[in-house]
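**Student:** With the hints as your guide, set chain V onto chain D.
Residues per chain are reported as follows:
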Amino acid sequence: MSKFTKKKGGELPAVNTASLPDIVFMLLFFFMVVTVLRDNDLLVKNTLPKADQVEKLKKDRSVYIFAGKPSARYQDKYGKEGKIQIGDKFTDVSNLKFALTEARQKLLPELQDKVMVALKVDEETNTGLVTDIKQELRDLNMLKLIYITSPGNEVDN
Amino acid sequence: MARRATPEVNAGSMADIAFLLLIFFLVTTTIEKDKGIARQLPPNEEIEDPPIIRQRNLFIVNVNKNDQLLVEEELMELRDLRQSAIDFLDNGGAAAGTPEYCNYCKGKRDPESSDNPDKAVISVQNDRLTSYKMYIAVQNELVAAYNYLRDRESQRLYGFKFTEVKKAMDEGNYQGNEEAAQEKLESIQKLFPLKLSEAEPKSKGS
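Taken in order, these protein sequences are the chains called D and V.
Numbering of the first sequence is given in this note's numbering, commencing with residue 2 and proceeding in unit increments.
Numbering of the second sequence is given in this note's numbering, commencing with residue 415 and proceeding in unit increments.
Incorrect hints may have been included.
Calculated cross-link-like contacts (lysine to aspartate or glutamate; reagent style EDC-like; alpha-carbon spacing at most 20 Å) [to be verified]:
| # | chain 1 | residue 1 | chain 2 | residue 2 |
| --- | --- | --- | --- | --- |
| 1 | V | 609 | D | 56 |
| 2 | D | 145 | V | 448 |
| 3 | D | 60 | V | 584 |
| 4 | D | 135 | V | 459 |
| 5 | D | 70 | V | 481 |
| 6 | V | 479 | D | 125 |
| 7 | D | 121 | D | 42 |
| 8 | V | 447 | D | 56 |
| 9 | D | 59 | V | 584 |
| 10 | D | 59 | V | 448 |
| 11 | D | 145 | V | 612 |
| 12 | V | 447 | D | 155 |
| 13 | V | 604 | V | 578 |
| 14 | D | 57 | V | 592 |
| 15 | V | 449 | D | 53 |
| 16 | D | 57 | V | 584 |
| 17 | D | 60 | V | 446 |
| 18 | D | 57 | V | 565 |
| 19 | V | 581 | D | 61 |
| 20 | D | 135 | V | 612 |
| 21 | D | 57 | V | 448 |
| 22 | D | 145 | V | 584 |
| 23 | D | 51 | V | 448 |
| 24 | D | 60 | V | 585 |
| 25 | D | 121 | V | 448 |
| 26 | V | 581 | D | 53 |
| 27 | D | 51 | V | 481 |
Since the hints were derived computationally from the structure, they do not count as laboratory data.
As the structure is a prediction and not an experimental result, all values here were calculated from the model.
Chain V extracted, bound-state conformation:
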């Protein structure tokens, strides 16, 4: 008997089936957002004699209920916050020769501003009615100021950018010796430690 050719399967409705699946996945899924600003909260315990921070080492950022910024007693736009935070952190006001002297700072060395990045503390004060959007925007700008300075120092000392290497290591695709790089990152973090303090917000509407 002659072999009969197998009849071809009609694949015309394949597209319909695939569309159906596609629409199902489109509807049921979201592209999960998994990036954000990481923070460490202070432990909830009473500190006996808290360290006294000098006025000049303190950078006070005040956000009121109308989302306006008051930085060091002056009204400021959000876009200027980053630069003024950089200026404050990078000031290095301690005199040359003293143990506080900061030899990597490139700021104005104004004795009225911070002694060195280790001493400098940024304090953010929010009103309870401040919008979360503004809160995050302020935090973002302050972290950006730190990242800028860390990038600059790691570029100078090791020839790479702090944020880029950190990102590559987070994603697990860093080429090269991870432990050595981790150590370098930590040494940069020590040069510009993240010192952000958050005051308890004031009562409603004040």
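Next comes chain D alone, as it looks inside the complex:
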């Protein structure tokens, strides 16, 4: 008879959390492996357009140019017009050559001739700004460029 008497209290047993650290560590290692530390602070809004016919960027020989509207917290200071960012600061179109030459000098000497310009431009920017950048790049004879995009396709959605 006493077989069926309730155990006293009837509390739920505590969930065993011994393997929780393992799970968290697994996640941690995943993030550590797949990510790189952010090396420059974005001052502009940067939602990249979608494309699927893409090639991979060779990181060791690339110079980044960001462009777009200043992000929300900088809009009071810099307005809402499209702007160019190289490194950590805004650059004017007229000053682009100097900034790019400077950025190129940071690459390994043997790769400086093979430099590739990676354009990270917000999808709401006007093409005119991109054209200005490209004109400057032609003047500098940095002819290889890559428009960085996010995976997807504009037609499908």
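**Tutor:** Chain V only, in chain D's frame:
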């Protein structure tokens, strides 16, 4: 003296420490996007007597400031652009027997359209106020048209897909002889050379 058992270390806070680290990494890092559409700009020098391109060998894509497409004087939706670019490139309109004749083209062989893929030029004209999103979408569709044709030819000649092999080589995990494959890729590129021209955009709001 009897050996005393070492007391167990309390590992209860290990999870907290790990969470802290995890959150730090989550916040400070971004998954870097490193893929995109590669392009070669034309060098900035005056070309003496530029080659004359016949009207039929030119495929004009016009994008206005409202992101509307005008392709060969006709309004077009973005989703139709790829197919019409393929039709244009693959046309092979030159008559059989002439040196321009394209023996691998499978198009309609319309004499009013392009002679062969080598002659065919796609010209994109943007307004300064066109959105960058649209610009990339158009470029993407045009590259897709070339990739489709290159895939088809490499499938026929060598039995592999151009884009797949190129991707594998970019990522450095191509199995087999890389130099031979590189040569094959180049021969395919010669069949359908990427000839995209970009006109200087017109002034604002025109």
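**Student:** Decide, hint by hint, whether the structure agrees.
**Tutor:** Hints and how they fare:
1. 609/V x 56/D: holds (18 Å)
2. 145/D x 448/V: With Cα atoms ~15 Å apart, residue 145/D and residue 448/V stay inside 20 Å; holds.
3. 60/D x 584/V: Since the Cα atoms of residue 60/D and residue 584/V sit roughly 12 Å apart, the hinted pair holds (cutoff 20 Å).
4. 135/D x 459/V: Holds. Residue 135/D to residue 459/V sits at ~14 Å (cutoff 20 Å).
5. 70/D x 481/V: holds (19 Å)
6. 479/V x 125/D: holds (12 Å)
7. 121/D x 42/D: The hint holds at about 13 Å.
8. 447/V x 56/D: OK: residue 447/V and residue 56/D at ~11 Å, within 20 Å.
9. 59/D x 584/V: Holds, because 9 Å separates the two Cα atoms, which is no more than 20 Å.
10. 59/D x 448/V: This hinted pair holds, its Cα atoms lying about 8 Å apart.
11. 145/D x 612/V: holds (15 Å)
12. 447/V x 155/D: This hinted pair holds, its Cα atoms lying about 17 Å apart.
13. 604/V x 578/V: Cα-Cα ~18 Å, so holds.
14. 57/D x 592/V: holds (17 Å)
15. 449/V x 53/D: holds (9 Å)
16. 57/D x 584/V: OK: residue 57/D and residue 584/V at ~7 Å, within 20 Å.
17. 60/D x 446/V: Holds. Residue 60/D to residue 446/V sits at ~11 Å (cutoff 20 Å).
18. 57/D x 565/V: holds (18 Å)
19. 581/V x 61/D: Distance ~18 Å between residue 581/V and residue 61/D Cα, so the pair holds.
20. 135/D x 612/V: holds (11 Å)
21. 57/D x 448/V: holds (6 Å)
22. 145/D x 584/V: Holds: residue 145/D and residue 584/V sit about 16 Å apart, inside 20 Å.
23. 51/D x 448/V: Satisfied, since the Cα-Cα distance of roughly 13 Å is no more than 20 Å.
24. 60/D x 585/V: Holds, at roughly 12 Å.
25. 121/D x 448/V: holds (10 Å)
26. 581/V x 53/D: holds (12 Å)
27. 51/D x 481/V: holds (16 Å)
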